Amino acid sequence: MRSPSPAFSSALLLGASVLVCPLSAQDSASVTRDPSPVSYRNDILPVITRAGCNLGACHGAQTGKGELTLSLRGEDPVKDHKALVEKFVNLGAPEKSYLLRKAILDVRHDGGKRFGKESESYDLLLRWIADGAPLDRPGEPSLVSLEATPQEQVLFAPEDSLRISVTAHYSDGSIRDVNRWAIYEPTALNVEIDPDGGVKSLRPGETTVNVRYLGLQAPVNLAFVPERPDFVWSGPPVRNFIDEALQAKWRTLRMNPSEPCDDATYVRRIHLDLMGLVPTEVEARAFVADTDPDKRAKLVDALLARHEFADFWALKWADLLRVEEKVLDTKGVAAFHGWIRRSIAENKPIDRFAREVVSSLGSTYEVAPANYYRALRAPDQRAEAIAQIFLGVRLNCAKCHNHPSERWTMDDYYEFSAVFDGIDYDIKENKRFDKSDKNNFVGEQVVMFADKLELKDPRTGQPPKARLLGESAELARDPKRLEELGRWMTSPEHPLFARVQINRIWFHLMGRGLVDPVDDFRATNPPSNPALLEALTDDFVKNGFDLRHAVRTICASHAYQLGTEPNATNFDDEINFARALPRRLGAEQLLDSVHLALLGPEGRPSFEGHKEPMRAAQLPGVQAVYRSNKPTDGDRFVRLFGKPPRLTNSDTERTSDTSLAQVFELTSGSTLNGLLMREGNALDRLLESKRPDREIVESLYWTLLTRAPSGEEWSATEDYLSSAADRRAALEDIAWALLNAKEFLLRR
Amino acid sequence: MKTPSCPGFDNLRLSRRQLIKAGGMGALGLTLPKILAGSEYPGGRPPARAKSVIFLFQWGGPSHLDMFDLKPDAPSEYRSPHKPIRTSNPDLLTSEHLPRVAKIMDRFTVIRSVTHNMKNHNSAGYYALSGHAPPTDDQRLRDSIDLRPAYGSVVDRFAPNPLSGLPTFVSFPHVVADGSRTPGQAASFLGKRHDPLFVPRNPNDPNFTLPELSLPNNLSIDRLHARRGLQELIDRQARLLDHSAEARGLDDYYKNAIAMLNSERVREAFDLSAEPAKVRDAYGRTTYGQSCLLARRLVEHGVKFATCYFSSGIGGQSITDGGWDTHGFNDTRMYPIVEQYHFPITETTLPTLIYDLENRGLLDETLVVWMGEFGRTPKINKNASRDHWPNCYSVLLAGGGVKRGYIHGASDETASNPIEKPVKLEDLSATIYYLLGIDPTSEYHDSQGRPLMISSGEPILDVVA
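Those protein sequence lines, which keep their order, are chains A and B. Each number in our numbering comes from the position in the first sequence (counting from 1) with 52 added on. Each number in our numbering comes from the position in the second sequence (counting from 1) with 44 added on.
It should be emphasised that the hints constitute simulated quantities derived from the structure, not laboratory data. Computed from a prediction, not measured in an experiment: that's the story for all the values here. Think of the CB as a built atom: it goes at the ideal place given N, C-alpha and C, for glycine as much as any other residue. There's no promise every hint is true.
[What the hints assert, rightly or not] Simulated restraints on C-beta separations:
no.: 1; chain 1: B; residue 1: N403; chain 2: A; residue 2: D709; range: 39 to 45 Å
no.: 2; chain 1: A; residue 1: K383; chain 2: B; residue 2: K465; range: 50 to 56 Å
no.: 3; chain 1: A; residue 1: R511; chain 2: B; residue 2: P388; range: 51 to 57 Å
no.: 4; chain 1: A; residue 1: R179; chain 2: B; residue 2: K465; range: 42 to 48 Å
no.: 5; chain 1: A; residue 1: K383; chain 2: B; residue 2: P255; range: 32 to 38 Å
[As the list claims (entries may be wrong)] Which chain A residues stay away from chain B? Per the calculated CB distances, all over 12 Å, these:
no.: 6; residue: A145
no.: 7; residue: G257
no.: 8; residue: K368
no.: 9; residue: E523
no.: 10; residue: G596
no.: 11; residue: D598
[As the list claims (entries may be wrong)] Coverage of chain B stretches by chain A, computed from C-beta distances (three or more under 8 Å per stretch; other residues unrestricted):
no.: 12; stretch: 258-265
no.: 13; stretch: 282-291
no.: 14; stretch: 382-390
no.: 15; stretch: 492-502
From just these sequences and the hints, can you work out the full model?
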């Protein structure tokens, strides 16, 4: 078995500099390089890059600007050299070179004046041209690494500024201060950075400054902490290692967590997070009344065993694995979704689950996970999808260019894609419903490994060699290599797989990833709490990639059980989990909860194409929602509230943002009003119970908001009901108000 | 294997703000340079010449050779079988079947050199509706959040109407589709909050109303207010509104929805029955005619971007409905069809809209865009009809700060290729944003967080009056 190479692992030191230069003792003596002669690669390229000439809006555009085309941000120095010396350099009269005259605006230049005649930039260019504008000099040292210091620093007010120092290391062991030539890009806009690397905080908070110099980059993690002279650590309880890691950082940042949430909030939260449903009145009141000090943990265990947990967590994977009918057909969707759901129900370890997804071949009707490759029809699609879903790597940019601030290159892109070249389909039949859509398949297919190559590297026109992402060895052309891919990818030593998976589970429970977005792992997007991600990853691996164990562990933490109300020390922080952040319920959570609350445990919405009503979370595919000619209220509702069509490889395809159309649906639309008016619903049952109005109102509050009414609410709603001519209508109004309260619509 | 180009590639340019930061000019003591060729507006937005846009999307692809780029001297297999007639623009001829249209050509800029390479309706349609090239030329290009937003959604993102007023972006009366929904009609990665208020109703229906603005039968406005009162009471309890931006954002939508349900002005904007019968007749008692009237009412009331789709499908085989896709399939023929259906509708509606805007003093501040996703083949096919032709076709602009009676660019002798000032759809998008006072190099982030420019073209300054 191939295990991930150590070089690859060390490249993922999250929250630390990616590039550490191994200088030997004699090299590290601060040798400053002789300033002359001027080197094209080491002096001129930085001048041109720093002046912005090779940016995408200027000469770095695909078709250049004016007469000059440069590679984007200096990605191709040889080509750029040719472009410059061909037309813009005058060796006979260096100071007449257009390169110089344009830059100092001695002649018309749409890009304006880039620097003055007295500048160092001008001087370097002039000397280089006078010297013949050579591309390379014999024995010229090359840039090998970049170091930015401090790698991380916490600053306490009134201290609010620091200087980043940037050092380039060269192949001959020399080093050079390149502060002036580096480019500084902060991830959060709470700082201002001057061109020499001076950072000044505009307001407290954390940021990562991505320092770039030529093709290299180094992140600098900074936190600016307000003074808070009166800060007193509140000493919250530590329930497990999660709290230890979070609290260490909170203390550093002089931040106290919010108060823990009460039992009523907890029971609602855990039901929504684990099953996608609000608790019933009976469940909620029983939990609140229970005096067992261990009741929260016991409730988690009880919910983990329920079939709704498998439904709801299968939905999350079905969103990511392209479980949709146009390519897989209805039968394939049923098979694949059923397999995912069974995997969750039987608690299949996530590593095994992932191995089966990436290495299954065979009939898509019989070998359910083979549907994944049925959905992904080209080698580069498969590579992009698997890198993003399982390894949190967004490879897409590297399809067309070597991004200066990304680790992954075009070589990585095409060589990893080549791993999947040769996957082919034996199409048994295709009764597609759309004759014009080449991506519509209805009928059985056998996914197999054929002896043919379709992928070509566009730069060479040749098939790239197959290579695992970040590894150096070439893979043999052999169907077994998909199994090798699975073993390599899910190995406990792989620096990304386990981290990405546990981070995604964390995201689903806490509302935000430690690395966020959850499918964008890179040195320049570090976790908000690296120590916690490490600890969670270790625990996840040690416990066999066990989803339920992970959920149990996170839910057991004090941090999971915090309330939403901020305090004076954590109100402006949204990345350290010192309070719960309210978020809108997802489409299925919302529709299923409304049905549960208004129609009871048997309440189910209907979906076009499905004979029996079912919970939205149980919908295997998306056809009812996205292709139906006669959409039901349920179809329209889940689409409107952000159920994804499952056409991309990203967790971000599911949306939870609000729109005016959603609020119209809840206010004047047919779904909610229809359920409120439906005969025999929970409102009818309450009115028929002949209980006093006070109890009716109380019961409705517990059913919809999982709490008793406040005194003010009790009197207002009781009064509204008892004074109404039409009691049914009045109760509908109260129920509408409760269902549209932020307490209902938000997970809190 | 085919390797389609990366759709965002040419957009991987940086915004002016980043240029300045990256260029570090501050330290060199330089003033803000005119970095972007064609930018006449250093430091931010171009001046707004148009307050609003009426975007008339001619789905299916009208024939440029038979409407606005006639070639009467071309060989018979190319030239229009219709007789050319003079128009109020001395340099422009049109079809004998469009005499009213001929009279208003002095109000228009006609761009005769629009060119792209997408031959399928969905890919070309997306290109025309968003100003961005799709990743592939695919008959069933699928809508996904990887693709770009509609023009109106971008306008809503960068120059929205204030809350509780008219929506920024309204589209009607169809969703356009060719087998699958055509991308480019909604907000995509900008988020649902920037989706259009979509009105999938027929304005020519005597009972035309906006379902969103109508309450269900059992629900009076008073009852809705009572519900809202109870909701506000409950919302006060948990104090979520005090400390959650999410909760406040959600509540803003309730305020807005209820304000709209309550607003006379909003109801009025959509109330076509307020128009005199004479005006309604003048626009034509067709879905498209009444939709154009609705568009005028909407911009008059403050909507910024009104997209009116000619048809839901590509059509071309019927004289009672459908779009401009006249291949002559199934034994139909293009000319009888356009003569009986598409031309008469255009003849009735387009001049009426222009005159009406002009008479109300709205034309100067309203940009009218009339365009399809492509033109049609210069050479008449074996069905005496024309197929798809993206290489060269004509787009019409009027009002909103563009020149009157102007022709931009030119095509060759068979209208097959531009021979002068070729215009990309990217340039057209930059022009629309520019006229609205939105910097075309403004930046948004896609679903992967990549910074992208809203347009990768250059505004066509030649068409600006």
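Hint by hint, here is what the structure shows:
About 41 Å separates the C-beta atoms of N403/B and D709/A, a value consistent with the hinted range of 39 to 45 Å. Our hint of 50 to 56 Å for K383/A and K465/B holds, since their Cβ atoms are close to 54 Å apart. Look at R511/A against P388/B: about 54 Å separates their beta carbons, and that is inside 51 to 57 Å. For the pair R179/A and K465/B, the beta carbons lie near 43 Å from each other, so the given range of 42 to 48 Å is met.
For K383/A paired with P255/B, a C-beta distance near 36 Å keeps the hint of 32 to 38 Å intact. For A145/A, the non-interface assignment is confirmed: its Cβ lies about 25 Å from the closest Cβ of chain B, beyond the 12 Å cut-off. Every C-beta of chain B lies more than 12 Å from that of G257/A, the closest at about 16 Å, which supports listing it as non-interface. The Cβ of K368/A sits about 17 Å from the closest Cβ of chain B, beyond the 12 Å cut-off, so the non-interface label holds.
Every beta carbon of chain B lies more than 12 Å from that of E523/A, the smallest distance being close to 23 Å; the non-interface claim holds. Once the 12 Å rule is applied to beta carbons, G596/A is consistent with being away from chain B; the minimum gap is 32 Å. For D598/A, the condition that its CB be more than 12 Å from all CB atoms of chain B holds, with the nearest at approximately 30 Å. Only residues whose beta carbon comes within less than 8 Å of a beta carbon in chain A count, and the stretch 258-265 of chain B has 5; three or more means the coverage holds.
With a cut-off of 8 Å between beta carbons, the stretch 282-291 of chain B has 8 residues touching chain A; three or more are needed, and the interface restraint holds. With 0 residues bearing a CB less than 8 Å from a CB of chain A, the stretch 382-390 of chain B misses the requirement of three and the coverage assertion fails. Under a criterion of three residues with beta carbons nearer than 8 Å to beta carbons of chain A, the stated coverage of the stretch 492-502 of chain B is upheld, 3 such residues being counted.
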